[in-house]
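Enquirer: Listed here are the chains, written in short residue letters.
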Amino acid sequence: MGKNQAKKTDLPLHKIIMVGSGGVGKSALTLQYMYGDFIEEYDPTKADSYRKKVTLDGQESFIDILDTAGQEEYAAIRDNYYRSGEGFLCVFSLCEQESFQHTQEFRDQICRVLDDEKVPFILVGNKADLTSDRQVSTREGELKAKEWGCPYMETSAKTRQNVDEAFCKLMRSIRDRKEAKGGGKAGASKAPKKKSSCMLL
Amino acid sequence: MSAAAAAAADEQLRKQLIQQLFDETGGAGGSGGASHDTDGPTGGGGKLLLHARVSEERESRGVKDLLKVSFQSKDDDDDDDDDDKGGAGKGKLKQRIICLSIKKGTKLRLSKVKQERFGSLSIVKYWGLDEIRSIENCEQEGQVLVNLGKIYRWTFEDLQRKNKFLETLVKLCRTHTKRMPKLINIEEEASDDAPKQDVVGREATTKSQSLAASRELDEIEADAPDAQDGEIAAAMDAMLQIDLGLVLSDFEWQANGDAAALEERLLSELQALEAANVHDIIQSETQANIVVNEIEQALSELSQIDDWLSHYTSLLDSMGQDVHQIETQNKGMQVMSTNQRLLLSSIEKLLGSLRMPGYALEVLKNEPLDDPNGVNECEMAITKLMDIIQAKFPDYGDMAAIKERKALLQGYANAFAKRLCEFLSDYFQKQAEMYMQDKSRASQKGSLKLYAHESIEQKLFKFRNLLRWLKDIDARGHHELQMTYVREIVRPYRREIQEFIEVLKTQHTQRKAAQDELDFVFVGQGVSVSSAASNAIKSAIRSGTSNLTGERSGTLSSGGGTSGGPGSTGIKQKLESWRPYRKKTARSDDASSIATGDDDEGKPSRYDLGSLKNSSIAGSMASMDLSPEERMTPDEASCVQAVGHALLKMVHIMVREQNFIIDLFSITKGVKGMGSGSLVSSAVEEEPMSPSGPMSLQSWQDDLGRPREPIKDPKAQKRVQEMMEGIFEEVREQLLATVESGLRHDQSYSVGMMVHIEFYSKEYANTSHAFVINLLESLQKRASTIFEKFVVDQIKAIEETKVTLRKRGGILPFIKTFPRFVDRMEMMLSNWDGVARKTVDKAYSRIIKSMFETLEAVAQQAGNDPKAASDEKDFLNIHILNVENMHHFYAEVRARKVPGLESSVKQAKVLYDVNMEAYCKVVIRKPLGKLLEFFEGIEGLLKTGPAEEVSFHIQYSKSALKDIIRKYPGKEVKKSLEALYKRVDKHFTEEEGLLQVVWRGIQEEFTRQLRRYEELIAKCYPEVSVRLDFTMDELLGFFSELARDH
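Residue numbers (the numbering used here), protein chains in the order written: chain Y, 4 to 204; chain F, 6 to 1051.
One chain only, chain Y, in its complex shape (with noise of 0.2 angstroms):
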């Protein structure tokens, strides 16, 4: 129906890619995020696409998140995917340093694939709540946020910790980048800058 396309299309779309390690819970923050469920059982992913009607600082927007497979046999299939996003949620699990350690290829193919250091993105620890299994430090990805020039936060899906959180401050970088930019893909949002925190509909 025209009505919703047009309404759609109307308000503005950001494209969260959502990158990181086999197994680090991209899905379970997305699945969290969207619809608030958190399900234990593992089950890899190829590539899942969601939106959502969110209001962002007082502006009603898009989110559209692409969940994407984190054991990906070859790298090139990610090239085209990497080029539709606006941001990224680059997520390792704070239980297992090797997934923190690959974070640095995902960063890396990233912005050499958008041929932009700047693009919004955000470091993500997930898995929060298993303390006791903690493998990565916060002070280890705090340094590696600085050294890439991004925010980090540490998150869990299980308990919705800083879920919002993250993607909201993803959100908020990626508006504040088109608006930046003046103009782009994301020309009709004119919302004026609100600091006040996001909320969910």
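Watch out, some of these pointers could steer you wrong.
Below, computed lysine to aspartate or glutamate pairings styled on EDC-like, alpha-carbon distance capped at 20 angstroms [to be verified]: (1) 55/Y - 996/F; (2) 49/Y - 75/Y; (3) 911/F - 43/Y; (4) 991/F - 67/Y; (5) 49/Y - 1010/F; (6) 911/F - 75/Y; (7) 55/Y - 997/F; (8) 49/Y - 922/F; (9) 914/F - 40/Y; (10) 56/Y - 996/F; (11) 55/Y - 995/F; (12) 49/Y - 918/F; (13) 911/F - 44/Y; (14) 717/F - 763/F; (15) 902/F - 43/Y; (16) 902/F - 44/Y; (17) 801/F - 861/F.
Worth flagging that the hints you see were computed from the coordinates, not collected in a lab.
Assemble chain F onto chain Y, guided by the hints.
Expert: Structure of chain F alone, referenced to chain Y:
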């Protein structure tokens, strides 16, 4: 002087003494003065028990003379001191001998003997032992004081003798005197000398035993101590037997005297005696006669007394009888008077309880019933009357007078009953008429008001006790009154409810305007559906088409425009004022709801009704804290609320009316046979909390709205049902029709209705309100039917999409609609978990089934579409449709988290995955084309034969392989990839954002194919060094390049 000489002298003296004593015994006994020198032979019949020499002194004055007692004391010539008391001998000592003797036949004597100059002895004086008054043992040795009428002081020469004397004397006195002389100072001494006393005693007895043995015994002292005491008596007897001599001597008879003289003397004495005797006798006879006479006289007097006595006795007897009779009579009279008193009090009591004050009867006859005081008066009067009529007189119940009296009173009661019936019948009519006349009750245009009949309640409340009484006294009249009431009350109700319903209808008609809200129904553009609902929607859609692209909120006002008329309700405003049924919604858009309300209600009855409404609404809200409306947004709420509240109002009115009827007519109060007690008391005893008891009007009215316990008595239940039907039956049909027509415009309300109805059904389940329950059941049925029809219509609309769908890509309308449909249903249910929920869940699954089937059908059509098929002969459309629609369905419905839809969500996910995979596989055929076919052929061969044989087939020879590889150089592949990307981009709408997902799948499929081809080449053509024109890395490079380009 030697002892022997003294003993001899003593013996001598003793002999002389014996002689003297016993010779002159008689003379001495006869007269004191005569002294006879009789030397009679010793032992002439007596015995000398003791003798002792003493010197005697007469104790007359206090002069104390020491007297020397000695045997040879100087002579005293004072011979007789006994006779000559006042003689000169006083104070002089006289030598005397004191003897104790016993003489035959006589008593013991104490004698005083004087020794003459020549040794002869003479008895001076003797005393019987009885004459001794006292004996005193003086302190001076040897002295004894003896009182023999005179007091003599005797001084013994010999102490031993004195002691012996005292002992013997005392002993004899003890045994032989009647009166024991007074002993002074003797007992101790006696006891000191006890052995001697014994000896003396023995000696004395021994001596008195026999004359012959007296001397020997006298001397033998210490021996033969025992068995002597009894012999004294024997000695005495022996002396009496030989007493004759003494008798004779008493008569001075001497043996030598004259016998004849004696005889004569004796005879004369005898005669004299006889004469005296006779004389005596004669003398005594006269006296006897006198005595006899006296006695006779006494006897006669006695008998006379006796007569008197018997006379008195008989008199007393008769008097006694009289007294008894009187007593009996008295008792009888007392009983009678008590009985009479009792009778009197009984009669008084009876009269008292039968007394009916005249003014009370007057009250019953004439007191006006239309003012509360009059009613009260009547109540009191009738209570009194009934008390009398029903009073039990267990003993005199059969009394004619009582019966008569009761009948008379009954007559009054009946008359009053009749009057009451007539009055009330008239009164009901008047009240109903008043309501009908009351313009203020007339419903305002557009306001949903439904008034309870408070004022009627108030007015009739006061009659409840009388009506209860009437029920007992005149059941038929009571019943007729009920019928009258129903007949009358139904009129205002009918009108009011009709108006109410009219308003309700109007509101729903107005609701038509909000067509934009119907975006949850499955109706596509240009669909023509036969059902009325669909028609309505269709028309609405047509009229509102221009607005459809507008903002949702915008359509509200435009919707208002469609219903036409400047006076049409501003929906927004109506929704803001949340209770549209209360106030007529605005004619002027910006009027505040309060002001509007005031405007509309500014009628005479406003105050009265306002309070009523407030209370009833407050009540309804209080009972509905779970009510669904509260969760809804105001506009949604208003729709459901309008219906729901209309229902609530109706239900409330009915419940209240039913309770009112029951209370007014005391329908549930059991009829206790022949009428039960007085008005108030019976009410209290039956149901203390009953409103008809002593309860205030206020609390009763407050209680009226509350549902009550089921009525147990089937008769009463039937009666109530009958009345309720009488009042509301017509209304019921109207209400049902209204609900139906109200829902016609938006049948989804039927879900809300079902929830409402279920809510009320639960609330009123197990209450007495059978009519309401029944009504709710009917409504439930009606709502279910409507919902069923709604669902059927939806399914029909979905299925018709097959035919009517123009654009065969993208998300199908019904898939888009479904989430909103779910929202709508869930909103209506608002977490209600009852029958309505199950009904809706069933509807979901039916609709989903229909949707999936329709989707499949549409997809097939799309696949078969000639236009599309030219290019897409591989039915890509089917997959695209499925992928996108299922993705949409999955994402949207999953987000709603409706438990009943979970399985459908999963199903959608599966369909999505399957079609996604299928799409990817199909879509790569074009760029790979023959290459793909070639290797598929090889794979086909491998299924039947070994790998080595593949190259033997002409089509799959080495050269064929080379040919085919040549046809697909890297450049070409890259180009076709680019083309493919463009195609895919076209296939999928931006809306679902699936391009990246799909492209990723395609890339994966591509790499998979490439890898497989390489494997197959290596396997089937091992010896040929043929390779594909592009490597995997190159392919990946193509992907990367492609990514950079877009």
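Enquirer: Each hint needs a verdict: does it hold in this structure or not?
Expert: Going down the list of hints, with the structure as the test:
Note on residue 55/Y and residue 996/F: the hinted pairing holds, with a Cα-Cα distance of about 11 angstroms set against a maximum of 20 angstroms. For the hint pairing residue 49/Y with residue 75/Y, the CA-to-CA distance comes to about 8 angstroms; that is within 20 angstroms, so the pair holds. With a C-alpha separation of about 17 angstroms, the suggested pair residue 911/F and residue 43/Y falls inside the 20 angstroms cut-off, and the hint holds. Straight-line distance between C-alpha atoms of residue 991/F and residue 67/Y comes to about 19 angstroms, which keeps the hinted pair within the 20 angstroms bound.
A threshold of 20 angstroms between alpha carbons decides the hint, and for residue 49/Y with residue 1010/F the separation of about 12 angstroms falls inside it, so the pair holds. With a C-alpha separation of about 25 angstroms, the suggested pairing of residue 911/F with residue 75/Y is violated against the 20 angstroms cut-off. Restraint check for residue 55/Y and residue 997/F: the C-alpha separation of about 10 angstroms stays at or below 20 angstroms, so the hint holds. Using a Cα cut-off of 20 angstroms, the hinted pair residue 49/Y and residue 922/F holds, with the two alpha carbons roughly 11 angstroms apart.
Distance check on the hinted pair: residue 914/F and residue 40/Y sit about 16 angstroms apart at the alpha-carbon level, within 20 angstroms; holds. The suggested pairing of residue 56/Y with residue 996/F holds, with an alpha-carbon distance near 12 angstroms, which does not exceed 20 angstroms. Taking the CA atoms of residue 55/Y and residue 995/F, the gap is about 14 angstroms. The hint holds against a cut of 20 angstroms. For the proposed pair residue 49/Y and residue 918/F, the alpha carbon gap of about 11 angstroms is at most 20 angstroms, so the pair holds.
Using a Cα cut-off of 20 angstroms, the hinted pair residue 911/F and residue 44/Y holds, with the two alpha carbons roughly 16 angstroms apart. Between the alpha carbons of residue 717/F and residue 763/F the distance comes to roughly 24 angstroms, so the proposed pair goes past 20 angstroms and is violated. Of the pairs offered as hints, the one joining residue 902/F and residue 43/Y holds, with about 18 angstroms between alpha carbons and a cut-off of 20 angstroms not exceeded. At roughly 19 angstroms between alpha-carbon atoms, residue 902/F and residue 44/Y fall within 20 angstroms of each other, so this suggested pair holds.
Straight-line distance between C-alpha atoms of residue 801/F and residue 861/F comes to about 16 angstroms, which keeps the hinted pair within the 20 angstroms bound.
Checked against the numbered hints listed earlier, the structure breaks hints 6, 14; every other hint is satisfied.
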